[in-house]
Amino acid sequence: MKYVNEFRQRSLAKNLAAAIKREADPGRQYNLMEFCGGHTHAIFRYGVQDLMPDNVRFVHGPGCPVCVLPIGRIDNAIHLALEHDTILCIYGDLLRVPASKRQSLMKIKASGADVRMVYSTQDALRIARETPDREVVFFAIGFETTTPATAVAIRQALAEKLENFSVFCNHVLTPAAIQNILESPEVREIGSVSIDGFFGPSHVSSIIGSRPYEFFAEEYQRPVVIAGFEPLDVMQSALMLIRQLNEGRHEVENEYTRVVTRDGNLKAQALVAEVFELRRSFEWRGLGLVPYSALKIKSQFEALDAEVRFDIPEAKASEVKSCECPAILRGAKRPTDCKLFGKACTPDNPLGSCMVSSEGACAAYYSYGRFRQPAESKRGVAA
Amino acid sequence: MSAVARRFPVPIKTRNAQVDMSHGGGGRAMAQLIEELFLKHLDNPLLRQGNDQAAFDVPAGRMVMSVDGHVISPLFFPGGDIGSLAVHGTINDVAMSGAKPLYLSAGFILEEGFPLADLERIVASMAAAAEDAGVPVVTGDTKVVERGKGDGVFITTTGVGVVPPGVHISGDRAQPGDALLVSGSLGDHGVTIMSSRENLEFETSLSSDSAALHTMVASLVEASDQIHCLRDPTRGGLATALNEMAQQSGVGMMLDEDAVPVKPAVHAACELLGLDPLYVANEGKLVCICADADAERLLGVMRAHPLGRDAAIIGKVVEDQHGFVQMETSFGGSRVLDWLTGEQLPRIC
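The listed protein sequences derive, respectively, from chains U and P. Using numbering that gives the first Met the number 0, the letters of the first sequence correspond one by one to residues 0 to 382. Using numbering that gives the first Met the number 0, the letters of the second sequence correspond one by one to residues 0 to 348.
Bear in mind the hints are in silico, worked out from the structure with no lab data behind them. Fair warning: there could be bad hints in the mix.
Simulated restraints, written as ranges between beta carbons of each label pair [said to hold, decoys possible]:
| no. | chain 1 | residue 1 | chain 2 | residue 2 | range |
| --- | --- | --- | --- | --- | --- |
| 1 | P | E318 | U | D53 | 24 to 32 Å |
| 2 | U | A343 | P | G24 | 50 to 58 Å |
| 3 | P | P263 | U | D262 | 31 to 39 Å |
| 4 | U | K320 | P | F75 | 44 to 52 Å |
| 5 | P | R308 | U | S110 | 42 to 50 Å |
List of simulated lysine-lysine pairs, PhoX-like, C-alpha gap at most 25 Å [claimed, not checked]:
| no. | chain 1 | residue 1 | chain 2 | residue 2 |
| --- | --- | --- | --- | --- |
| 6 | U | K108 | P | K148 |
| 7 | P | K148 | U | K106 |
| 8 | U | K106 | U | K315 |
| 9 | P | K262 | P | K315 |
| 10 | U | K1 | P | K315 |
We put the beta carbon where it would ideally sit given N, CA and C, even for glycine.
Please build the complete structure, drawing on both the sequences and the hints.
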């Protein structure tokens, strides 16, 4: 397949693996955090870890929108579907996310709630047009990548005077989360988590550009390489990070030049700025309350804001005891450090959100890599 | 004066007509539907007898029986419809034991309000598929449920067949060292169905691979007595079929991603939707596990069959007490092809 296979070539992977092996100093450890779930997925799906020397480790970050969504927001959505009798339009990943009291959107759907899986905001708008007598709520979720599409839908609904359409906004921001991880005591003071560099998000950066990362590369002295989602992108970016670390540099570099520019997509940014404003603070699973890390719908569009339109009680959600999702999302623990992993918590019966989406670290470990542990010692680098 | 009165003076009209509750009521309307729609297309001496069962003689040997329920959406898709699919699916399930399929039954659950013209199209397609395969539908059943209690039409087909002497094929017979073969490109059916769903508006030139594989199976079992397992990788795709057989046989499997045939259009659609073609359904492909020594010969037999031109040897059976299916990726790494969790869901970003 053109423009895809080129980035998955085995021969190039071999060359890159050899270059990484040459570049990586055997006397030190390289802990590289991939922020995005898309990278986590690519690393596992293509077996990228197999091609890395033992001292280069991928630390899986919180960049899976489903994983960082606090349980309370799913509880809110369940409330919207059940108590307000809305048609709740969601992206597929959300269906199985565990909510409080062993509920999930899939379970309430089975017991009669009108929850519909959509592929885009346009599907939700269509449903609103087709069912004018029902309230249709779109569960907006995602990082900067999916936000412009939600902004478009809000503007469209307003222009069409679709009065039965509203948006439950859960859009979050990447730079705030990365900064939060770097500020966390585990990274800053205790030093129990060592993150030496970051793979910057690919699709997110196509919208926001590479500029927003410049501040914390400088402030926290960590290199960032914006990396594409294909396996060769990940390997090339790992090489760039290792080079920066070896040379004592901490800059923002862009491996994903075929899509990402320094300024990003200005049109999309303008659209987002028109419709959304910063929330003072938003709860992230694993990170807690993170200041200015999420978006809300501006008051001039509040008629389309489900949080304004409906009375949604504050959900007092409780995490499953001994679920390590929070620590895993901060990179402080690995999925296999969790007592529940692969026992009480599996993709078929997820207790924590990291086990739900295929981008979640636990699900990726479970589905693609859980047999890797015993084989790890045998791992060799193709050179 | 001698003319016998027609049983149904007014013939059934399918145009602009719908299924109603009387079509399942056991009265004259049902009898007319059976005669003028079902029997008209599916006609054969056993069905024509009009009994509630079909009686037939079978050759001596081991019999095989299989049942399959079909509840698809959309009902019509490029390359087939629920009618042809119901015939192919059951013939294939019977054939995967190495058996020669002999007869089918068909049970229809119709939803009140379902267009009769669509029903006729489905039954005609079913009849054509059965005729092509040489496996007649010899008994059937029709029920009608109230509007809202079905999804247009559900079809359940049962098939019976007889295994030739000396053939012993079962999912629990895979042995370390065996070769893994597939009869053609994977994921065509599932991607075709997805692309014809109304909320996924993308166009492909793909069509479903829905087909009856029993003649290919007959050639395979004739060519080798070392076929250990056969399976058609339908729901859940190749990865699921291999996991099932690995579990049944208590072995592991190792695939070579480069060798697995996937059409570029299927690959592209899966890329777009965030799906994995190895988990996408097929309706006209089979997986064959056989002794390594016979693998090339059986590959030749598959490729000589019109439905097996893209057949390939894709990997081997290995020792593994955990029963894992693993794959060497085209990229040079390795990964596990795990059981599917729920349905494959498209990812957010």
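TODO: Indicate whether the distance between the beta carbons of P:P263 and U:D262 respects the range 31 to 39 Å.
DONE: 35 Å, holds
Task: Assessment of proposed distance window 44 to 52 Å (beta carbons of U:K320, P:F75) - done: Hint holds: Cβ distance 51 Å, inside 44 to 52 Å.
TODO: Please work out if U:K1 and P:K315 have their alpha carbons no farther apart than 25 Å.
DONE: Violated - the C-alpha atoms of P:K315 and U:K1 are around 30 Å apart, more than 25 Å.
Task: Pairwise hint evaluation, P:K148 against U:K108, where the allowed Cα distance is 25 Å at most - done: 17 Å, holds
Open item on the list: Does U:K315 sit within 25 Å of U:K106, going by the straight-line distance between their CA atoms?
Closed with: Holds, because 20 Å separates the two Cα atoms, which is no more than 25 Å.
Open item on the list: Does the beta carbon distance between P:E318 and U:D53 stay inside 24 to 32 Å, or does it fall outside?
Closed with: Roughly 26 Å apart at Cβ, these two residues keep to the hinted range, so it holds.
- [ ] May I ask you to test the hint 42 to 50 Å on the CB atoms belonging to P:R308 and U:S110?
- [x] Roughly 48 Å apart at Cβ, these two residues keep to the hinted range, so it holds.
TODO: Could you check the hint for me, namely that U:A343 and P:G24 are 50 to 58 Å apart, CB to CB?
DONE: Holds, at about 51 Å.
TODO: Decide if the proposed pair is consistent with the structure: P:K262 and P:K315, CA atoms, cutoff 25 Å inclusive.
DONE: Judged against 25 Å, a Cα distance of about 22 Å means the pair holds.
TODO: Given the hint that P:K148 pairs with U:K106, test it: the Cα-Cα distance must not exceed 25 Å.
DONE: 20 Å, holds
Violation of the numbered hints given earlier is confined to hint 10; every other hint is satisfied by the structure.
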